[in-house]
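Protein chains: 2
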Amino acid sequence: MAEKPKKPSKLRARLPRGLADRGPAEIAATRAMVEKIREVYERYGFEPVETPAFEYTDALGKFLPDQDRPNEGVFSLQDDDEQWISLRYDLTAPLARYVAENFDSLPKPYRSYRFGWVFRNEKPGPGRFRQFMQFDADTVGAPTAAADAEMCMMAADTMEALGIPRGSYVVKVNNRKVLDGVLESIGLGGEENAGQRLTVLRAIDKLDKFPIEEIKKLLGQGRWDGGEEGKGDFTKGAGLSEEGIAIILDFVGGQGETWADVTKYKAPTDDEWIRTGAEMSAVTALPESRPNYFYFNSRLLTHWHDLVSKSDVGRQGIDELRQMLTLAESAGYGSQRFRISAETIRGLEYYTGPVYEVELLLETKDEKGRPVRFGSVGGGGRYDGLVSRFRGEPVPATGFSIGVSRLQAALTLIGQLDNKPQPGPVVVTVFGGEIAGYQKMVATLRKAGIRAELYLGNPKHSLGQQMKYADKRNSPCAIIQGSDEKQQGIVQIKDLILGAELASLEKDRDEYLKKQAEAQFSCKEDELVAKVQELLQRRGVVWG
Amino acid sequence: MAEKPKKPSKLRARLPRGLADRGPAEIAATRAMVEKIREVYERYGFEPVETPAFEYTDALGKFLPDQDRPNEGVFSLQDDDEQWISLRYDLTAPLARYVAENFDSLPKPYRSYRFGWVFRNEKPGPGRFRQFMQFDADTVGAPTAAADAEMCMMAADTMEALGIPRGSYVVKVNNRKVLDGVLESIGLGGEENAGQRLTVLRAIDKLDKFPIEEIKKLLGQGRWDGGEEGKGDFTKGAGLSEEGIAIILDFVGGQGETWADVTKYKAPTDDEWIRTGAEMSAVTALPESRPNYFYFNSRLLTHWHDLVSKSDVGRQGIDELRQMLTLAESAGYGSQRFRISAETIRGLEYYTGPVYEVELLLETKDEKGRPVRFGSVGGGGRYDGLVSRFRGEPVPATGFSIGVSRLQAALTLIGQLDNKPQPGPVVVTVFGGEIAGYQKMVATLRKAGIRAELYLGNPKHSLGQQMKYADKRNSPCAIIQGSDEKQQGIVQIKDLILGAELASLEKDRDEYLKKQAEAQFSCKEDELVAKVQELLQRRGVVWG
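Residue numbers (the working numbering), protein chains in the order written: chain A, 3 to 546; chain B, 3 to 546.
Any given hint could be a false lead.
The list makes no distinction among identical chains, and a pair is therefore deemed to hold if it is satisfied within one copy or across any two copies.
As a list, the in silico DSSO-like pairs of lysine-lysine whose alpha-carbon atoms are at most 30 Å apart [to be verified]:
(1) Lys422 to Lys38
(2) Lys488 to Lys442
(3) Lys125 to Lys496
(4) Lys38 to Lys509
The hints are simulated quantities; they were obtained by calculation from the structure and are not laboratory data.
Construct the complete structure from the given sequences, taking the supplied hints into account.
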């Protein structure tokens, strides 16, 4: 039905908060990134599989991204069968459903990768979106820490494939079982202490934000936002005893000093940093400001072992970390790239063993222009319970997820992604009512593989208006044929790249006059393709 | 927090109806298709732009996919600001919002393309999904039919780029203004007859499903499902007079005969079919069964012109169709590819002028094994009202959308998409507890660009179990190193492609014995990469 807008009352065109449109440069950059990541993952033997955007809400389960607001954090709605369905908030929970549903037909271990949009129904903020892209790899049915070690090595290889130099990233590794062992050792084992355990983990998670004194408050009675009583909100603490706080700080490397002191004091010596000769040269390239808050891997593990020696689960966690270190080091991934780190917690509830995250050591500026580290661009861990929920039998699994949008921002920052606009198409301008002849020229150019288009604005627009359009499209050249040229069977080719250079030259110089002649020239209609091809080559135009 | 599944009560792993998972072959096929479509669109001067999955519901507006159920058909929910947001049901409405929001900074005409998932909250059925992929191109700010003609030519070029031979597809073109003119001529103009007009359009839309007698009922008093009174549901008709029905049937080419008669009777003669010599040869390749229900384009336009001669809007529609025909023919797109067709209606409400659709003339089988044409794989039209809603000024626009999933099914059917499984990675098998050495082999293979993995299942699994896994992964070869080989510093390479061939040979023949020796051989550890590379080349393994 032909339908005209009936009311002049205007609707406001705006996007809901926390969502973003994407232009050509950003799309091309994502494409380039995704291709590189895919290449690494396939080299590691992972094959693609994809699930849709929706799952039954119960299949996503209680593993929601934000436990403060259970059943919030995801977009949910009732479908026409009155069943609750939700948009995926990550790519792991849907993969668990997929594997459970197709369990018998899949090879096991089942190694797969996928990328796509995920959705969070959260308050958006700067750099915090309600739709963002993840790129995941998962190994289901692999019980040993070898699978976790492989994920960490793949994460490192991916960073280097994307152009992030060694020394500018680190894979940080921890183990939920070690954390559990530590918490057990201060009397926080068992289901009844789940809430308190979570509060402790959240306090540890803030180690890179707050000085140690503030962390102590979060582990003890609580903390006022802004650091002073009565100012801002109050965050209730974990209520640990002095002794409990001391053990947690010992675990994370604090021991009561200020955090700055600790990082200085605990800085590994050169020979602790460097395990292989190959890494020697790269170390000098480490940024000066890099906080050395990692213990040296094996020294840290020994220390942790003492802390959790009475806990079975804790010792098991230490063993798994040791296995991962051994495997990584034997494959050439030494302690410069691969680090045990107490502060690596990972937000999601479903992790059961090793957790890992890739941190970029690159510096960027915050809103106030202060240098800050870029931080985490991906992570993952072992989630042995996620597939088991469907199967009623143990199904071990581990997976790694890259935050594509965030990593893309980092790569743009270090100049590893091209942000230049692409050259536009050749524009064939139009004169008079009869445009069939111009359309034919366009078709001829396209058939020769040249990006080309007819000017499709109002055909009464002047040549000036049409050239303005070609400039805005970043076109390398425009084709012009007035009625005189038509009669003679010729066309004019206007070189817009040279034209732009001309504008910056003095008008009476020889160079100007010479270039002016070159910037617009005529040719026979049947030479059009050849002449345009020559021009594109002369100006180095390559469409990506 | 390390967390174990607490209850043995199993959750059922299943996907909500109308959604689908996608495996490696399907993903690779989509990727190949999308690349080819992109290549054509960019050659036509379109640039990529993407919008997110959500829009404010009011921005999608009243242009919902199914007018029978206003505000249904889309997935909507209230966000934390209590505002209604909806998942996009197509890529056109969000593009209209994008253009309106960025109007001043965009070149005009604005030519862009995008592909992505769209969502419909409808009852799913066979081949009818609630999430599917579209690939769209749109030109905004182009007022003339030249832009519509370009879309149709691009549609044709895209089909051929995807491997659909000329003669196996046709671009069908109609114009909502002509339809309006016809409806006006039978007294159905004006806002008060909007409902009746829609009923008439829906009846026309059923022309390829029902015999002409049933269409007559839908245009008149109504029709019982199953064709007999009291059987099935009753669909109320448009209530046209005998005269009105006759005019509609005349317009669509019916004139009261059965549809089969009409298509026979109206079949164009050879010289009407063929406008250019180049198309001559292709005509003979047309499938015999192809229903020739198109009038020859210009003859049809003359006939239509007589029908709507008293209606301004009707005559304007005829003019636009004529312009499109002229442009297409001058660019070499004759009547074999480009057809005026009364039955092309397009479901969406927002179209205001030319509408077009690509139909595949390929045959497939329905559930009962009867041959049916594959039908429409894409379409679009002019939607001059969609951007205007936001701007309060006229913003002409036209766009074309490919149903990627549907087209992919067609391409698979005609063998234009590879559905073979990819070769899997080289599998390094493990023995004993110490796997660091095997991990190192894997790292070495990967570093040489060879897809490889460590067997990550239970390390106590037998060699047989590990080989079964390698077979299931479609691996070209497996690497084996027992303790003896380890001591000698050698590895065994098992050629699984040759191994599969061996299984079909008689065991005592010379050939068998020769190949058996070739199918498993040993080499020094440091020759591993070279020997595997040789094997891959010998067996023609190429990873895509």
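Original post:
Quick one: Lys488 to Lys442, C-alpha cut-off 30 Å, is that within a copy, between copies, both, or neither?
Top reply: The answer is within: 13 Å in one copy meets 30 Å, while 70 Å across copies does not.
Subject >> Intra- versus inter-subunit Cα pairing at 30 Å for Lys38 with Lys509 >> reply: neither (48 Å within a copy, 46 Å between copies)
Original post:
For Lys125 vs Lys496, is the C-alpha pair at or below 30 Å within one copy, between two copies, both, or neither?
Top reply: Answer is neither; intra-copy 51 Å and inter-copy 55 Å both fail.
Original post:
Is the C-alpha distance from Lys422 to Lys38 at most 30 Å within one copy, between copies, in both cases, or in neither?
Top reply: Both ways: Lys422 and Lys38 sit 19 Å apart in one copy and 24 Å across, limit 30 Å.
Violated hints for the displayed structure, listed by number in ascending order: 3, 4.
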